[in-house]
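Each chain, written out:
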Amino acid sequence: MPQLTLALISGLFELLPSVIAGVSGAVAAYNHGAGVLKTAAAEKRDITAAEWDDWSSRNKAVHDAIQGA
Amino acid sequence: MKKLLILPLLLLLVSACGLTPQEKVYAAGVGYQTAGPPFLTYANLPRCSATRPQPCSDQAVIDEVKRADNVVYVALEQAKAVVVDPTKTESVAAAAASAVEYALSVFTSVLAQYNIGSK
Numbered sequence: 001m002p003q004l005t006l007a008l009i010s011g012l013f014e015l016l017p018s019v020i021a022g023v024s025g026a027v028a029a030y031n032h033g034a035g036v037l038k039t040a041a042a043e044k045r046d047i048t049a050a051e052w053d054d055w056s057s058r059n060k061a062v063h064d065a066i067q068g069a
Numbered sequence: 001m002k003k004l005l006i007l008p009l010l011l012l013l014v015s016a017c018g019l020t021p022q023e024k025v026y027a028a029g030v031g032y033q034t035a036g037p038p039f040l041t042y043a044n045l046p047r048c049s050a051t052r053p054q055p056c057s058d059q060a061v062i063d064e065v066k067r068a069d070n071v072v073y074v075a076l077e078q079a080k081a082v083v084v085d086p087t088k089t090e091s092v093a094a095a096a097a098s099a100v101e102y103a104l105s106v107f108t109s110v111l112a113q114y115n116i117g118s119k
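These protein sequence lines map, in sequence, to chains A and B. If you read the first sequence in my numbering, its first letter stands for residue 1, the second for the next number, and so on. If you read the second sequence in my numbering, its first letter stands for residue 1, the second for the next number, and so on.
The set of hints was computed from the structure by calculation and includes no laboratory data. Where is the CB? At the ideal position from N, CA and C, for every residue including glycine. Possibly wrong hints are sitting among the right ones.
As the list claims (entries may be wrong) - In silico DSS-like pairs for lysine-lysine, Cα to Cα no more than 30 Å straight-line: (1) B/K66 <-> A/K44; (2) A/K60 <-> A/K38; (3) A/K38 <-> B/K88; (4) A/K60 <-> A/K44; (5) B/K88 <-> A/K60; (6) A/K60 <-> B/K66.
As the list claims (entries may be wrong) - Counterexamples of contact, computed for chain B against chain A with all Cβ distances above 10 Å: (7) N44; (8) C48; (9) E90; (10) V106; (11) Y114.
Please put together the full structure from these sequences, using the hints given.
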């Protein structure tokens, strides 16, 4: 991944707290996901199967909650 | 200003800056996860009625968001299946990533239309 992209992701990750207010669930989701992308980029690897499984679980939780509203 | 809806949009912006299809799909999922909680906050408000003052939630709006949610959720899982499949070509993976990014943009547009997630 180009260094510029890594720097951009890192910057967004650090910028996030000052941009977002309220809704701790959204903040936590963003922090986790951005962290996974940042780590994968830094380690020059693909997203792992475990990280994809976690991603799918989080998506399902959001989907189930929305459909249950 | 729709501060919380900036999150998925930021992720979409990042995805335009040289990310792989896998990373784009992953980022789209994170965008979906960040867009969900604000909607739930809205949906948990009492339903609007003739005698119910604001703030309240409109059932028609909730139903529309649910329809958009079904589309983006399926798109996310389908895109994931494509981008993790080593037999799929780069162009197929890129198309899957573009499709899910579009589905997410439609979903967030629906939320923005009703100021869900704004502050």
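Given hint A/K44 paired with B/K66 - CA-CA distance at most 30 Å: With a Cα-Cα distance of about 37 Å, the restraint between B/K66 and A/K44 is violated, given a limit of 30 Å.
Nearest-CB test (10 Å) between chain A and B/V106: holds, 14 Å
B/E90 and chain A, when compared Cβ to Cβ, separated by more than 10 Å: Answer for B/E90: holds, closest chain A Cβ roughly 14 Å.
B/K88 paired with A/K60 [C-alpha distance capped at 30 Å]: holds, 24 Å
Restraint status (C-alpha distance of A/K38 to B/K88 at most 30 Å): Holds: A/K38 and B/K88 sit about 25 Å apart, inside 30 Å.
Holds or violated: A/K60 to A/K44, with C-alpha atoms at most 30 Å apart: holds, 28 Å
Beyond 10 Å from every chain A Cβ - status for B/C48: Given a closest Cβ separation of 14 Å, the condition holds.
Separation of B/Y114 from chain A, once the least beta-carbon distance is taken, above 10 Å: At about 14 Å from chain A, B/Y114 clears the 10 Å cut-off, so the statement holds.
Interface-negative label, B/N44 against chain A, beta-carbon threshold 10 Å: violated, 7 Å
Proposed proximity, B/K66 with A/K60 (alpha carbon, max 30 Å): holds, 13 Å
Pair hint outcome, A/K60 versus A/K38 [Cα-Cα no greater than 30 Å]: Judged against 30 Å, a Cα distance of about 23 Å means the pair holds.
In summary, the numbered hints that this structure violates are 1, 7.
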